[in-house]
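J.: The chain contents come next:
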Amino acid sequence: MDYVSRFWDVITQYDVLGAFWLNITLTFWSGLLALVLGTIAVTMRISPIPSLRAASTVYVNVFRDIPLTVVMVAMASVVWMQLSVSFSQTMSWDFYILAIIGLGVYHSSFIAESIRSGVNTVPLGQSEAARAIGLTFMQSARIVILPQAFRGAVAPIGNTIIALIKNTTVASVTGVAGETSGLMAELIENSPQFILAIFLTFAIGYVVIVIPVGLLTTTLSRRLAVKR
Amino acid sequence: MSTAGPPNSASPQDAAGPPDVVAELRHVDKHFGALHVLKDINVTIRRGEVVVIIGPSGSGKSTLCRAINRLEPVDSGEILIEGRPLPQEGRELARLRADVGMVFQSFNLFAHKSILDNVTLGPRKARGAGKAEAEAEALRLLDRVGIKDQAAKLPAQLSGGQQQRAAIARALAMHPTLMLFDEPTSALDPEMINEVLDVMTSLAKEGMTMVVVTHEMGFARRAADRVLFMADGLILEEATPKDFFTNPQTDRAKDFLAKILQH
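Residue numbers (my numbering), protein chains in the order written: chain A, 1254 to 1481; chain B, 14 to 276.
No lab work stands behind these hints, which were simulated from the structure alone. Treat each hint with caution, since some may be false.
List of simulated lysine-lysine pairs, DSS-like, C-alpha gap at most 30 Å [to be verified]:
(1) A:Lys-1480 with B:Lys-144
(2) A:Lys-1480 with B:Lys-218
(3) A:Lys-1480 with B:Lys-126
(4) A:Lys-1480 with B:Lys-255
Kindly generate the complete structure, drawing on both the sequences and the hints.
T.: Here it is in structure tokens:
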């Protein structure tokens, strides 16, 4: 118990909950961005216009194939430093926003592929029927195809979101301070005698966040499945 | 030839109305890879006419039906709906498709929407009808096909026959000038075929212009004004049902009828 209470004294000097909260907000905003971009990408991918399909294919393959660390370092060192793209007066806000963009763009490729797997669960006859009653491509995508595709893609989208939650720790390389992986490194450096407890704290923290998401995904994918 | 001629077409008061020819295919050709599925097809469908297309599987009859609203693009030739050539994929084609009802072999009701929403979707989104107006009309049509009480259910909760009747109501809700039926009873259990054919027969009696691809010879005899017999991508015979069934001209048609009428 002595070890635990001494560890408790150390860790309560840091804002561990705040760090987790920061990763949760990163997840939320970049997840939202990834869903929007992924939906746009998949709509282009199934569109009747060849150039849009090609553009979407290139986008998805490029961001799916580049390592996340490379994307996140580039957001700071290329986009911010070289291209001088700035969104605010403070560096920390810039890094926060750039991290969200990097995470969002990277994961949008996986979201797009997840939704596309959902599109493949929608029989061809559904879009034929939509076209036959006079819907335009955008109408049939929005009203008939994508709603069914999302419902068929809950599980893979959930897996992407779970990966995103954990990948937000890479935001530290974009310069986001105070998130979990940075805080963990700081804790280990300052209190190496507690290294095992520190690892366990963050590991358990993420498990606690991810478990409900996994359960929700499983329940929703069953409940939302389109009955045919 | 006593029963020849489309009985519903060209009544005198229609003379100044819309053109008498609803759909026309001129020299239409289509390949699936190396397979030549439509060979120089020429068909004219007049207002109020019921044209039934029969033939062995792989003869191109479904492809012909689907080509009329360009669900199946053709390689060459012309397809005209009410005198206008079919446009390329886009808004104008969508508008034109809204006027051509289609009923599929596998029903293709929107699986995530209620029966009522399936029927109101076209009028609301493609025609801009109001919700109340579209729903009243949808319930009237569902009542007409005998499934008004199923309006709130999802397609998967209905029997095949009920789903197909809902699909017919969905097509009727657009007030089509032409209805295409692509093997509408082929996916149904035998006891459900008649409920769908009854709806189709009553539509035919009311003067709906229909193109029906089917294996139901009873329906062809009863409801058709004209029978097209297709084989190997060609229209081999074009006759009144009476002439076709009692006096087929080609060996191919004789052979086909012998095989299916034995049972």
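J.: Run every hint past the structure and note whether it holds.
T.: How the hints compare with the structure:
{"no.": "1", "hint": "A:Lys-1480 with B:Lys-144", "result": "25 Å, holds"}
{"no.": "2", "hint": "A:Lys-1480 with B:Lys-218", "result": "36 Å, violated"}
{"no.": "3", "hint": "A:Lys-1480 with B:Lys-126", "result": "10 Å, holds"}
{"no.": "4", "hint": "A:Lys-1480 with B:Lys-255", "result": "44 Å, violated"}
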